[in-house]
Amino acid sequence: MGRGGSVRFWIFGSMLLIGVWGQEPKSERHDEHGGGSNVSGISIVSLEWEYVEPPYLVALWILVCFLCKLVIEANHHVTEFIPESALLICSGFILGGMIWGADKVQTFRLTPYDFFHYFLPPIILDTGYSMPNKLFFTNLGGILIHAIIGTCWNAASLGLSLWGCQIGGAMGDLNVGLLQYLLFGSLIAAVDPVAVLAVFEQVHVNEVLFIMVFGESLLNDGVTVVLFNVFNAFVTLGGPRINAAEIIKGIISFFVVAFGGSLVGFVFGLLFALLSRCTKNIQIIEPGFLFILGYLAYLTAEMLSLSAILSIVFFGVCCQKYINANMDENSVRTMKCAVKVFANGAETMIFVFLGISAIDKSIWVWNTGFVLLTLLFILIYRFMGVFFLTWFMNLTRLVPIDYTDQVIMSYGGLRGAVAYGLAVMLDEAKIEEKKLMVSTTLIVVYFTVILQGVTMKPLVKWLKVKRAASAEKTLIEKVQNRAFEHILVAIEDISGQKGNNYLRNKWFKFEENWMSRILLRPSVRERQDKVFNVFHQLNLKDAMSYVVEGERRGSLEFIRNESAFVDFKKKFGEDMTMSMPDIMADMSDDRSAASSTRKESVPSVSLEVHEQAMRGTRAAEGLDSHHLLQQHLYKGRKQHRHRYSRSHFDINKDENEIQEIFQRTMKSRLESFKSGKMGVAPPKTITKHTRKEQQQKLQNKKSKSRLSGDEDFEFSEGDSASGYDTSFPVRGGYRPGAGIENPAFMPDVDLPLQIPPWLEDVDSVAPSQRAQVRLPWTPSNLRRLSPLRISTRSSDSFNLAEAPGDHQDDQLPPPPTPPPHRDGDVV
Amino acid sequence: MGSRASTLLREEEIEEIKKETGFSHSQITRLYSRFTSLDKGENGTLSREDFQRIPELAINPLGDRIINAFFPEGEDQVNFRGFMRTLAHFRPIEDNEKNKNPTASEPLNSRSNKLLFAFRLYDLDRDDKISRDELLQVLRMMVGVNISDEQLGSIADRTIQEADTNGDSCISFQEFIKVLEKVDVEQKMSIRFLH
Chain D
1 MGRGGSVRFW IFGSMLLIGV WGQEPKSERH DEHGGGSNVS GISIVSLEWE YVEPPYLVAL
61 WILVCFLCKL VIEANHHVTE FIPESALLIC SGFILGGMIW GADKVQTFRL TPYDFFHYFL
121 PPIILDTGYS MPNKLFFTNL GGILIHAIIG TCWNAASLGL SLWGCQIGGA MGDLNVGLLQ
181 YLLFGSLIAA VDPVAVLAVF EQVHVNEVLF IMVFGESLLN DGVTVVLFNV FNAFVTLGGP
241 RINAAEIIKG IISFFVVAFG GSLVGFVFGL LFALLSRCTK NIQIIEPGFL FILGYLAYLT
301 AEMLSLSAIL SIVFFGVCCQ KYINANMDEN SVRTMKCAVK VFANGAETMI FVFLGISAID
361 KSIWVWNTGF VLLTLLFILI YRFMGVFFLT WFMNLTRLVP IDYTDQVIMS YGGLRGAVAY
421 GLAVMLDEAK IEEKKLMVST TLIVVYFTVI LQGVTMKPLV KWLKVKRAAS AEKTLIEKVQ
481 NRAFEHILVA IEDISGQKGN NYLRNKWFKF EENWMSRILL RPSVRERQDK VFNVFHQLNL
541 KDAMSYVVEG ERRGSLEFIR NESAFVDFKK KFGEDMTMSM PDIMADMSDD RSAASSTRKE
601 SVPSVSLEVH EQAMRGTRAA EGLDSHHLLQ QHLYKGRKQH RHRYSRSHFD INKDENEIQE
661 IFQRTMKSRL ESFKSGKMGV APPKTITKHT RKEQQQKLQN KKSKSRLSGD EDFEFSEGDS
721 ASGYDTSFPV RGGYRPGAGI ENPAFMPDVD LPLQIPPWLE DVDSVAPSQR AQVRLPWTPS
781 NLRRLSPLRI STRSSDSFNL AEAPGDHQDD QLPPPPTPPP HRDGDVV
Chain Z
1 MGSRASTLLR EEEIEEIKKE TGFSHSQITR LYSRFTSLDK GENGTLSRED FQRIPELAIN
61 PLGDRIINAF FPEGEDQVNF RGFMRTLAHF RPIEDNEKNK NPTASEPLNS RSNKLLFAFR
121 LYDLDRDDKI SRDELLQVLR MMVGVNISDE QLGSIADRTI QEADTNGDSC ISFQEFIKVL
181 EKVDVEQKMS IRFLH
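So the protein lines, in turn, are chains D and Z.
With my numbering, letter number 130 in the first sequence gets 130, and the count goes up by one each step, no holes.
With my numbering, letter number 76 in the second sequence gets 76, and the count goes up by one each step, no holes.
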């Protein structure tokens with residue numbers, strides 16, 4: 001890769017230059033600035049280094065870190081094996097080395113202040129805002145157990161064991177008190193969200209596993225902060241003064257810190273949601289509020305010595321739904337994008353600086369026993385803790401977490417910059433061995449991030465190798481596998497395996513009635529209600545009024561209006577109400593709740609390498625079909641995984657699929673309904689007609705049928721087909737789902753005007769009341785076209801303009817006299 | 001008929017269903033409450049419309065076919081027995097069941113019965129063969145709009161080719177079973193029903 005090589009050379013060269021140059025100005029003094037008393041007079045250009053030094057350095061460092069990332073990402077064959085975070089640390093080593101070489105002193109390092117105030121908040125904001133809420137809250141119990149008990153266990157066991165080893169003499173003549181060991185244990189026990197994410201991005205694990213580890217890493221901050229502060233205070237107090245009262249205070253402080261922090265975040269989240277209700281006129285800077293309020297939430301919690309991370313996490317979690325609904329789509333996109341930029345950038349810088357901080361002679365104190373034992377114990381206790389806790393949890397879980405996942409969970413307990421930051425914050429006066437602790441922390445961080453990161457993928461591969469389907473599947477296997485998924489999803493829905501959780505119902509009701517009402521914009525609620533009606537009741541009458549409403553507003557306008565488009569993502573994506581269909585990606589609790597026995601239907605770990613290899617071995621001809629199928633088969637709901645990713649955000653790809661399916665289903669139901677009315681089975685064959693053909697047929701045919709070519713009305717018809725009055729005789733031969741046509745090629749079904757007028761009692765319907773006409777069906781008609789309807793609406797639908805004239809109307813019988821109002825039955 | 005109370009499940013019925021389907025007592029009662037919640041007409045049977053009211057089915061590509069599978073040939077109402085009978089196909093196969101009673105009729109959730117269920121989704125006219133047309137229909141349901149009919153046709157042809165052993169360009173049930181023998185049907189067609 002010659003080109004890559006030269007690029008790299010230039011980049012390294014320039015970084016070296018920058019690094020070196022960054023040091024120079026210190027040794028120079030520019031007097032020109034100091035006063036015009038120099039001889040030469042006015043200087044046209046002068047070097048004002050000191051004036052710009054601080055921001056310049058910051059900007060320069062950001063640039064350097066981003067360039068590192070650029071270089072790393074340019075080499076995919078390397079990133080396949082070594083996670084990006086490890087490579088960034090290595091770049092940090094190199095840079096640190098360069099600076100050390102230039103300066104003999106490590107001028108730059110990751111200071112805790114910078115870390116906790118500038119680098120960490122954006123990352124946590126991103127996680128909070130993009131958190132898959134449903135998944136998170138479903139597994140919250142498990143996550144909390146791991147976060148609280150797991151972290152405490154890790155801290156206590158590590159501290160005690162190390163202390164025991166010290167007594168046993170394994171560490172030479174180190175003299176560290178028990179309390180200090182416990183303090184050390186508490187700061188290193190915490191699993192780090194940054195590191196976890198970075199590594200899990202390479203290895204696609206199943207979502208339950210992911211949310212467990214990830215959620216744990218987020219929530220354990222509450223525990224870590226408390227433990228750290230408590231033990232810090234204890235160390236300050238000194239051993240003898242610790243009595244029961246202090247310990248109780250410690251325990252209480254845990255609750256206060258954790259819940260207080262969450263509460264602060266929650267309050268800010270609500271504030272933001274309320275605010276987003278009114279920001280219609282400042283859409284251009286709407287997105288900015290997310291960052292400002294998030295940061296304020298963080299700082300406020302910090303100020304009150306509560307858990308800042310918890311605060312910003314719950315801020316994001318709480319406000320997600322409302323701001324995504326309230327704000328304009330562009331704003332939402334901007335927010336999602338910007339938050340990722342900041343998070344990614346901050347993460348990059350953290351890792352680079354972690355690397356740089358290592359190249360500093362002054363901080364390294366080595367004690368073989370201490371370091372090695374720490375590493376050992378961390379691993380062991382993590383495994384022990386996870387296995388024990390999971391065993392305990394599996395007793396009550398519907399979907400037990402199997403051993404492979406447990407291993408991955410344990411192995412994925414990476415430590416990262418948070419531990420380092422806390423270590424550096426130790427008070428050297430009270431803790432003599434601070435340097436040792438810092439060094440050990442660094443080693444632990446490098447070990448977990450680099451070594452465990454690199455070996456994670458192979459480990460997973462090795463563990464899963466028995467399960468992953470390696471044989472090449474025949475077409476029918478593929479199709480059938482997908483069909484099985486769909487079937488299972490359907491059966492789960494039919495049998496209502498969602499689980500009627502009392503608490504959850506209560507929360508949904510509360511949320512629906514109070515929170516949504518206050519926090520969502522009225523227009524948004526309206527829209528949601530409309531869709532809500534359509535879906536929930538699947539009531540023909542309502543659907544009719546919906547269609548008619550669209551008619552009234554002028555079909556074109558209605559069609560083009562976005563609100564007509566079922567905004568699945570907005571409505572359902574973040575929706576937690578049980579009565580709404582859980583369509584979108586993150587509605588996966590149902591999957592986990594009911595699908596333990598089909599865990600393996602989709603290998604929970606997908607390795608891209610494997611898939612690519614497989615693809616390459618197919619024959620060319622077969623390749624086409626397989627490839628086509630692969631590309632176009634609808635994914636079942638199970639596969640719409642919500643993958644939280646630092647580097648991607650979804651742009652509603654799934655929505656199209658769902659739209660298609662929905663429209664098609666409604667269309668076919670409509671036809672079946674119509675055919676039921678007509679008493680003739682809809683055609684079983686696939687009818688293939690282009691629109692043009694249709695038009696011609698219209699001109700030529702003598703039959704009393706006419707089509708309205710309105711593709712865009714598909715959705716609106718869809719509503720109308722939803723459920724129908726059971727009083728209509730459905731003759732034999734009704735075959736729902738038969739005669740499925742490709743909607744792209746099919747002549748578009750027109751408006752469902754055959755709905756008897758007695759079902760419409762909506763006032764707005766009045767203008768378009770004409771023509772509830774029936775056509776006598778003949779078999780020949782059926783053969784040629786899909787169900788025929790006359791569209792004789794008098795409104796301004798463009799379909800009328802397309803179709804030939806109204807001459808056919810006269811031949812049709814007058815509308816049948818409506819039987820007595822039967823509205824009640826339909827509902 | 002009319003009030004919910006009068007349509008409570010009787011013990012004998014539960015026992016019968018238990019014997020026939022293998023569900024446990026609590027599972028049956030739970031599914032019964034689901035049944036009644038779907039039964040808007042409160043007449044003890046479900047019609048197709050009742051199923052269609054479930055919103056998620058509308059966005060399931062095979063939704064309508066699956067609904068159809070609940071209804072016996074030619075009928076439009078399904079009672080609770082029938083409902084359970086269909087759901088029983090999806091019970092996971094437990095190990096102890098395999099050895100229970102070799103002379104008894106095959107349980108509803110056996111591998112071949114599960115496959116039969118899947119087979120029947122394709123084979124609408126119940127002639128025990130999946131014709132090219134039937135396959136095309138199901139494929140079309142499962143695939144997006146971006147595949148043209150010709151392409152889909154060729155996919156269907158290849159699919160039949162792979163499975164068809166006796167050359168009649170249809171897939172019989174035996175051929176269906178054969179071609180899916182490597183697939184872990186027991187797992188892929190099982191749900192753990194809540195207790």
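If you're looking for bench data, these hints aren't it; they were derived computationally from the structure.
All residues carry an ideal CB built from backbone N, CA and C; glycine is no exception.
Please note that a few of the clues may not be correct.
To be verified - DEER-style ranges, computed between Cβ atoms:
#1 Z/153 x D/526: 43 to 49 Å
#2 D/462 x Z/181: 26 to 32 Å
#3 D/384 x Z/111: 38 to 44 Å
#4 Z/19 x D/141: 35 to 41 Å
#5 D/281 x Z/151: 48 to 54 Å
#6 Z/154 x D/292: 55 to 61 Å
#7 D/400 x Z/19: 44 to 50 Å
#8 Z/106 x D/338: 22 to 28 Å
What the hints assert, rightly or not - Not everything, but these chain D residues come out facing chain Z in the computed CB check (under 7 Å):
#9 274
#10 452
#11 491
#12 492
#13 662
#14 665
Unchecked claim - Counterexamples of contact, computed for chain Z against chain D with all Cβ distances above 10 Å:
#15 9
#16 56
#17 107
#18 110
#19 129
#20 155
#21 158
#22 159
#23 170
#24 173
Hint check results:
1. Between residue 153 of chain Z and residue 526 of chain D the CB atoms are about 45 Å apart, so this pair conforms to the stated range of 43 to 49 Å.
2. Distance hint check for residue 462 of chain D and residue 181 of chain Z: the Cβ-Cβ separation is about 28 Å, which falls inside the suggested range of 26 to 32 Å.
3. Checked against the given bound of 38 to 44 Å, the beta carbons of residue 384 of chain D and residue 111 of chain Z, roughly 40 Å apart, stay inside it.
4. Checked against the given bound of 35 to 41 Å, the beta carbons of residue 19 of chain Z and residue 141 of chain D, roughly 37 Å apart, stay inside it.
5. For the hinted restraint 48 to 54 Å between residue 281 of chain D and residue 151 of chain Z, the CB-CB distance of approximately 50 Å keeps it satisfied.
6. A beta carbon spacing of about 57 Å between residue 154 of chain Z and residue 292 of chain D agrees with the range 55 to 61 Å that was offered as a hint.
7. The hinted range of 44 to 50 Å is not satisfied by residue 400 of chain D and residue 19 of chain Z, whose Cβ atoms lie roughly 29 Å apart.
8. For the pair residue 106 of chain Z and residue 338 of chain D, the supplied restraint of 22 to 28 Å is violated, since their beta-carbon distance comes to about 60 Å.
9. Nearest Cβ of chain Z to the Cβ of residue 274 of chain D: about 30 Å, over the 7 Å cut. The hint is violated.
10. Interface hint at residue 452 of chain D: violated, since its Cβ lies 31 Å from the closest Cβ of chain Z, which is beyond the 7 Å cut-off.
11. Interface hint status for residue 491 of chain D: upheld, as the beta-carbon distance to the closest one in chain Z is roughly 5 Å, under 7 Å.
12. For residue 492 of chain D, the interface hint holds, the least distance from its beta-carbon to any beta-carbon of chain Z being 6 Å, beneath 7 Å.
13. Interface restraint check: residue 662 of chain D against chain Z, minimum CB-CB distance 5 Å, threshold 7 Å, status holds.
14. Checking residue 665 of chain D against chain Z by beta carbon gives a least distance of about 5 Å; that is within 7 Å, so the hint holds.
15. A cut-off of 10 Å between C-beta atoms confirms that residue 9 of chain Z is not in contact with chain D; the least separation is 16 Å.
16. Listed as a non-interface residue, residue 56 of chain Z fails to keep its Cβ farther than 10 Å from every Cβ of chain D; the least gap is roughly 4 Å.
17. The claim that residue 107 of chain Z is not at the interface with chain D holds, since no C-beta of that chain comes within 10 Å of its own (minimum 16 Å).
18. Residue 110 of chain Z, annotated as away from the interface, keeps every beta carbon of chain D farther than 10 Å; the closest lies near 15 Å.
19. No beta-carbon of chain D is positioned within 10 Å of the beta-carbon of residue 129 of chain Z; the least distance is around 14 Å.
20. For residue 155 of chain Z, the condition that its CB be more than 10 Å from all CB atoms of chain D is violated, with the nearest at approximately 5 Å.
21. With a minimum CB-CB distance of about 5 Å to chain D, residue 158 of chain Z fails to clear the 10 Å threshold, and the non-interface call is violated.
22. The beta carbon of residue 159 of chain Z is not kept farther than 10 Å from every beta carbon of chain D, the shortest such distance being approximately 5 Å.
23. Every CB of chain D is more than 10 Å from the CB of residue 170 of chain Z (nearest about 13 Å), matching its label as outside the interface.
24. Taking the minimum C-beta to C-beta distance to chain D, about 13 Å, the non-interface status of residue 173 of chain Z holds against the 10 Å cut.
When each numbered hint is compared with the structure, violations occur for hints 7, 8, 9, 10, 16, 20, 21, 22.
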